[in-house]
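Peer 1: What follows is the residue order along each chain.
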Amino acid sequence: MGRIVLENTTKSFGDVQVIPPLNLTIEDGEFAVFVGPSGCGKSTLLRMIAGLEDLTSGKIVIDDKDVTEVPPAQRGLAMVFQSYALYPHMTVRKNIGFPLRMEKMSQSEIDAKVDAAAKSLNLVDYLDRKPGQLSGGQRQRVAIGRAIVRDPSAFLFDEPLSNLDAALRVGMRLEISEMHQRMKTTMIYVTHDQVEAMTMADKIVVLQAGVIEQVGSPLDLYHKPRNIFVAGFIGSPKMNIFSGEEAAKFDAHSVGIRPEHLDVSTEGGIWKGTVGVAEHLGSDTFIHVHDTGLGDMFTVRISGDIAVTHGDTIYLTPHEGRMHRFDAQGMRIE
Amino acid sequence: MSDRRIPRLLQTPAVVLLLIWMLVPLSMTLYFSFIRYVLNSLRRPEWTKPSIENWRGFGNYEFVLNSKDFLLAIQNSLLIVCSILFLTVILGVLIAVLINKAFPGQGIVRVLLISPFFVMPAVNAVLWINMILDPVLGLQGVAVEGINGLLDALRMTPVIGNFFGMWPELQPISFRATQTSAWAVIIMVTWQWTPFAVLIFMTSLQSEDQQQKEAAILDGASTWSQFRFLTLPHLGRPIAIVVMIQAIFHLSLYAEIEIVSRGNGNKNLPYLIGEFANNNIGAASATGIFAVILANIVAIFLLRMVGKTLME
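Chains A and B are the protein sequences, given in the same order.
Under the UniProt record's numbering, read the first sequence as residues 1 to 334, first letter to last.
Under the UniProt record's numbering, read the second sequence as residues 1 to 312, first letter to last.
Keep in mind the hints are simulated off the structure, nothing from the lab.
Nothing false has been slipped in among the hints.
FRET-style restraints, in silico, Cβ to Cβ: (1) B:Glu62 <-> A:Asp111: 58 to 68 Å; (2) B:Phe227 <-> A:Val61: 30 to 40 Å; (3) A:Val195 <-> B:Ile108: 44 to 54 Å.
Calculated from the model, a selection of chain A residues having no Cβ within reach of chain B, i.e. all distances over 10 Å: (4) Gly58; (5) Glu109; (6) Asp111; (7) Asp115; (8) Leu168; (9) Val170; (10) Phe242; (11) Val264.
Since this is a predicted model, take the numbers as computed values, not measurements.
The beta carbon of each residue, even a glycine, is placed where N, CA and C say it ideally should be.
Can you make the complete structure from the sequences, with help from the hints?
Peer 2: In structure tokens, the structure reads:
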């Protein structure tokens with residue numbers, strides 16, 4: 001079990017309110033990702049759920065029990081930190097067994113649980129090493145092992161992959177997703193990386209300045225962003241957004257079109273521009289187009305390769321029905 | 001010249017200077033410890049000049065070992081050093097943990113805490129033995145007199161007077177006496193050196209990882225467990241440093257011992273060396289070699305002990 005409900009929770013540091021009243025429900029077994037630019041309050045929110053930060057007002061309910069005043073250790077949650085927060089003076093075995101030792105569990109039981117966790121995380125050969133002798137990925141695994149042995153009702157991840165190199169990050173991302181499929185435990189995952197959010201989440205919570213901008217499945221957010229902020233934040237490369245006269249033609253204050261929803265031609269199209277930098281990734285090519293008369297630079301994503309060079313003239317045509325229209329308040333127009 | 005020789009050449013003066021600095025006194029001490037060498041002798045004037053012809057072999061060492069004060073001096077050196085280390089490390093850790101949390105007036109409290117360290121050892125000793133520990137004029141005498149006066153007054157009151165009548169009259173302790181003068185030294189040096197330990201532990205505590213603490217809180221660790229399993233191991237290395245530096249300093253205590261009791265019943269090795277050096281340089285040198293050996297044993301033993309108990 002692990003259904004987490006936030007009811008009108010707020011958080012202020014002195015006079016500054018970082019989280020205005022916020023309501024959110026995370027269902028049992030769900031993989032929820034909090035995503036947003038740095039400083040948006042997503043880590044604070046996670047720490048409030050963990051009990052490391054007090055609430056200024058409102059309450060937190062886990063499995064129908066109000067835990068607002070319950071100390072962190074008794075909330076039945078386990079957290080994985082960005083810096084791993086391993087205990088440097090203990091071996092891997094003692095690190096993983098530490099929460100059990102604090103519960104005064106018998107040594108034989110601790111050993112059995114630590115061995116089981118180590119086996120599932122491929123850490124058996126490293127049990128007698130200290131954290132300082134492990135690589136980043138192995139440390140990450142130990143931190144996860146320390147969370148698993150507690151058999152928590154929910155896992156909390158605070159940007160767990162941001163200290164790993166790119167290749168390892170992709171691997172660990174898969175492992176955590178795999179772990180979630182296997183254990184079916186509620187997980188809350190904080191990240192600023194929207195690729196992690198899109199690939200792992202059942203439910204994405206997009207935050208900005210402590211306010212929830214949109215809650216939904218990854219594809220919901222991609223296809224139907226509720227406002228300009230979500231539209232610009234989800235998707236890579238970023239959505240092209242323009243406003244003014246050209247937008248008015250579509251009965252909107254501003255209009256957004258994703259780079260992958262633009263057709264490119266050297267002969268003719270709706271918008272004309274000049275080719276800037278073209279980034280060739282092999283499978284895709286990103287072309288930055290200038291001087292379209294639509295405000296900012298446009299990014300176009302096309303499959304495969306195209307023969308254009310810097311300074312060429314190019315024509316862009318949006319796909320039918322792929323335009324996102326927003327009103328003056330930045331909200332989506334259906 | 002090759003690339004490597006230039007840096008070596010440039011290092012040479014420093015290395016040579018250091019070698020001379022250390023080796024010359026050590027070899028002179030060794031040399032003097034094996035010859036008869038006194039500063040003043042009417043009967044044997046040839047002994048007043050250091051010369052290889054006055055070779056005495058291990059005679060000086062034998063003389064020192066058989067002198068009545070030698071064992072006492074070794075015992076006292078160990079008692080004083082170990083007690084000071086024990087007290088300063090425990091007090092240092094406690095105070096450092098206490099003032100590590102933010103509170104109003106933190107800056108002033110820290111400066112005041114460090115200030116005993118800036119008092120000169122001789123001044124410290126005079127201050128303590130005359131103004132604090134003195135059984136009549138010091139704070140101790142005043143306090144004992146006050147408590148005795150209060151007890152006397154209570155004995156006069158009806159009903160409860162019988163109860164206090166059974167209490168003994170308090171006796172002030174004379175810290176210049178043979179049995180207690182070592183403790184006077186321990187108290188005053190502990191007072192002076194606790195700030196040093198606090199200072200080192202405090203800087204170390206500030207570098208402690210807060211996320212580890214939060215992880216421990218989530219793992220259900222009590223405040224004591226956090227201290228025992230995180231803070232204390234984190235302090236392992238600074239404790240080793242404090243122990244090592246203080247062991248070196250306190251094995252050579254002199255001013256405090258001189259001022260408290262003029263070495264009366266409370267000699268340590270340096271004081272004994274000082275006494276011998278009044279005339280018998282050979283014996284003083286032999287004692288010095290014993291002191292070197294003792295210092296090395298103490299250093300190795302203490303470091304092992306600290307390392308074992310704290311590094312889990």
